[in-house]
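Protein chains in written order, with my numbering: chain A, 1 to 83; chain B, 1001 to 1083; chain C, 2001 to 2151; chain D, 3001 to 3151.
Bear in mind the hints are in silico, worked out from the structure with no lab data behind them. Beta carbons: idealized from backbone N, C-alpha and C, even for Gly.
Counterexamples of contact, computed for chain C against chain D with all Cβ distances above 12 Å: (1) Met2001; (2) Ser2003; (3) Arg2069.
Some chain C residues close to chain D (C-beta under 7 Å, calculated; not the full set): (4) Gly2027; (5) Phe2032; (6) Arg2108.
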Amino acid sequence: MKLKYFAWVRERIGLAEEDIALPDDVATAGDLIVWLKGRGEGYAYALERDAFIRVAIDQEHALHTAPVRGAREVALFPPMTGG
Amino acid sequence: MKLKYFAWVRERIGLAEEDIALPDDVATAGDLIVWLKGRGEGYAYALERDAFIRVAIDQEHALHTAPVRGAREVALFPPMTGG
Amino acid sequence: MISVRISGDPLDLAAEAAALGSDDDTGAVATFLGLCRGEAGRLTGLELEHYPGMAEAEITRIAQAAMERWPVQAIHAVHRHGLVGVGEPIVFVAARSAHRDAAFDAVRFVMDFLKTEAPFWKREHLLDGTTGPWVEAKDADDRARERWAAA
Amino acid sequence: MISVRISGDPLDLAAEAAALGSDDDTGAVATFLGLCRGEAGRLTGLELEHYPGMAEAEITRIAQAAMERWPVQAIHAVHRHGLVGVGEPIVFVAARSAHRDAAFDAVRFVMDFLKTEAPFWKREHLLDGTTGPWVEAKDADDRARERWAAA
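Looking at chain A on its own, in the form it has when it is part of the complex (with noise of 0.2 Å):
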């Protein structure tokens, strides 16, 4: 599974982009996230404030409570500031 990461999630995390292979017990958005966390300080840092992140699933707004599995792209960045 592709993540991609943006803005301030992605300088945290100092990646845009990678490919994981997806661990059997996350189902969920928000279990993805948990499980990102455990990875190392950049992602704890990035992803401290859950609740604030938002996820995209397969280029598509989506609730962290969406399943993940199956999905080929996952993004995850702060609420978006354009316009």
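Starting from the structure of chain A, add chains B, C and D where the hints point.
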């Protein structure tokens, strides 16, 4: 006093503007309309639906109850359809 | 800053948009363009009669009311008179402000009042070469204006 | 008809306005232009990061929702990414319809959702040459979006 007429009020009266001497018993825009209606068939036809006629006194919208004495220019016209 | 123009000639929209101006505090520009519709091929155009002098004055009063109501930096409005062909601009209104809500509200307010308060009258020019009736005022336009009293 | 474009280059507003198209039934064109403000001389510009692919897809979804809600003939939207200098366009949205209410509503709806749903993130470029913080999302923008649920 200068009177101006627009759109179908102008067409029915057959004049775009005229100068009149205001009779002593004409105090308001409504009085003016009633007086004009007595001046001939074109006026009567143009102004038959009194309440429908809009009035501007010195280029500002005015009610039929507004005084016309002292005005430089009074205009009578149908509801507007610009934009 | 308010600028209002009544034009007997076709509008140059790039020039009209530029007339609004801009500065470093401008974050939002809203515009409205009203065009002559063909009414399913029935019309060749519309003829617009206006009250010279009052037309400028009344649109300026409407723009002033908008600037008193919202934090708008500038409003520019231009309205055609004379014969306007199908597809051609009749009216263009633009407002700029720091943020979008004021710009949106100001343009819509100016249009809603302009429709019912600015001294212009339209008549139809028909495809068969004749002049059609004067366009009747619409209740919907009166209601559109009234919504600003409730807000 | 919906067209959406994400551009890394400065916008040509005349070309973007033309991209909306027009036909004989078009009586109303509403537009919105969002510009980079200087914030009282503090900024030289804003840097806009975006999510390629999803940015186009999300704005297209928002425009589709607007076209389902109002009788709009076409919507065109374009959004910058990359470095945008003070005074330069960031976003342009235009809608056309037979009558003005639908065009106004559609443009404002697209802007309100675009602000909170389109995957763009701004950071400040400061006058002293350094890069400032990422811009924080505004509660006012969430409220602006919520008003469409009540309507």
